[in-house]
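Peer 1: Turn these sequences into a full structure, and let the hints steer you where they fit.
Just so you know, the sequences run in chain order U and H. According to my numbering, the first sequence is numbered sequentially starting from 25. According to my numbering, the second sequence is numbered sequentially starting from 25.
None of these hints come from the bench; they were simulated from the model. Computed from a prediction, not measured in an experiment: that's the story for all the values here. All the pointers check out, no bait thrown in.
All copies of an identical chain are treated as equivalent in the list; a pair is satisfied when it fits inside any one copy or across any two copies.
Keeping only pairs whose Cα atoms sit at most 30 Å apart, straight-line, the calculated DSBU-like set for lysine-lysine is: (1) Lys159 - Lys183; (2) Lys183 - Lys107; (3) Lys36 - Lys107; (4) Lys181 - Lys159.
Number of protein chains: 2
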Amino acid sequence: MIIIKDDRLIEKTISTNYLYRGRIINVRQDQVKTGDDKIAFREIVEHPGAVAIIAIDENDQVVLVRQHRQPTGAVLYEIPAGKLEANEEPLDCARREFMEETAMDAEEWHQIFVFYPSPGFSDEIIYLFQAIGLKDVQSPGSDPDENIEVRKIPLAKAKEMVMHGDLVDGKTIIALQYVLLNNK
Amino acid sequence: MIIIKDDRLIEKTISTNYLYRGRIINVRQDQVKTGDDKIAFREIVEHPGAVAIIAIDENDQVVLVRQHRQPTGAVLYEIPAGKLEANEEPLDCARREFMEETAMDAEEWHQIFVFYPSPGFSDEIIYLFQAIGLKDVQSPGSDPDENIEVRKIPLAKAKEMVMHGDLVDGKTIIALQYVLLNNK
Numbered sequence: 025m026i027i028i029k030d031d032r033l034i035e036k037t038i039s040t041n042y043l044y045r046g047r048i049i050n051v052r053q054d055q056v057k058t059g060d061d062k063i064a065f066r067e068i069v070e071h072p073g074a075v076a077i078i079a080i081d082e083n084d085q086v087v088l089v090r091q092h093r094q095p096t097g098a099v100l101y102e103i104p105a106g107k108l109e110a111n112e113e114p115l116d117c118a119r120r121e122f123m124e125e126t127a128m129d130a131e132e133w134h135q136i137f138v139f140y141p142s143p144g145f146s147d148e149i150i151y152l153f154q155a156i157g158l159k160d161v162q163s164p165g166s167d168p169d170e171n172i173e174v175r176k177i178p179l180a181k182a183k184e185m186v187m188h189g190d191l192v193d194g195k196t197i198i199a200l201q202y203v204l205l206n207n208k
Numbered sequence: 025m026i027i028i029k030d031d032r033l034i035e036k037t038i039s040t041n042y043l044y045r046g047r048i049i050n051v052r053q054d055q056v057k058t059g060d061d062k063i064a065f066r067e068i069v070e071h072p073g074a075v076a077i078i079a080i081d082e083n084d085q086v087v088l089v090r091q092h093r094q095p096t097g098a099v100l101y102e103i104p105a106g107k108l109e110a111n112e113e114p115l116d117c118a119r120r121e122f123m124e125e126t127a128m129d130a131e132e133w134h135q136i137f138v139f140y141p142s143p144g145f146s147d148e149i150i151y152l153f154q155a156i157g158l159k160d161v162q163s164p165g166s167d168p169d170e171n172i173e174v175r176k177i178p179l180a181k182a183k184e185m186v187m188h189g190d191l192v193d194g195k196t197i198i199a200l201q202y203v204l205l206n207n208k
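Peer 2: The structure is reproduced here in structure tokens:
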């Protein structure tokens, strides 16, 4: 992160007011003072943060999961992912979610990106890992509230899906483009 | 979008309950019936949707904006972007936001991706455009609530910023990867 001190863009928080406290998210409104001394209000969705895992097997197939996403009203293809638990390290979360969702672990784990999917209104942060050297393990079982289906898709096919708009999940597009740019 | 009928993953909405209605977002809880006939609850942030614009000038410089993002507590580099107004077409919104934020228009506009940045909890959808053939115009003026600073960064430098973690906005990573993959 590039930090520039005395930046006229920096906003100072004056007060914070919680408007909604939910099961996974909270909503708060911050009153801020802008760099040119105006008062503004910012509506913010607090989210615990998440991990996502890009994994390509020895046959150049990408591990994807299909899941109904109620906000979109559709079943989406995504890379395996899940929310951070309290005090959980991102890498531990990535291995846990990957095992739960796919019954696989990996020999090597590399953190490739840390990013904000929606910094305009949410503090959600995603830690994106690449898992290399996949091996089958016994799944500890998944969230009973989640119905997912694991699919292995040839990388070339996944690329086509991105280009044709059949793959519409942001973190999955980032992960696949990363792999394509790095020839892996 | 790939639609598979009789998909056991599809969830049916039983009821919807609004928990928060805000200035930009709403929060609702949907009660759903899963494919295996269980009842589950989904917490959803409704968002109006947004556009984002990747624009490279004739000197291979990317047009970025710097903006304080209160959810992240930091000033981020992002491609120009903005929220859809009611009944606004994504392309019209892209041209409007681009003019407001950068005082530029373009000869060609191509929609390159439509994606959900956070489909697990929000219906926010982003229409990503590439603007080609940039030209200066008079800015109609920006949102008085928004303080932004336009910066042109050489594409090679922007690529380094992504790789070194200095560029942490999801839509900007997707857009830059796209440009790098397509040699533009």
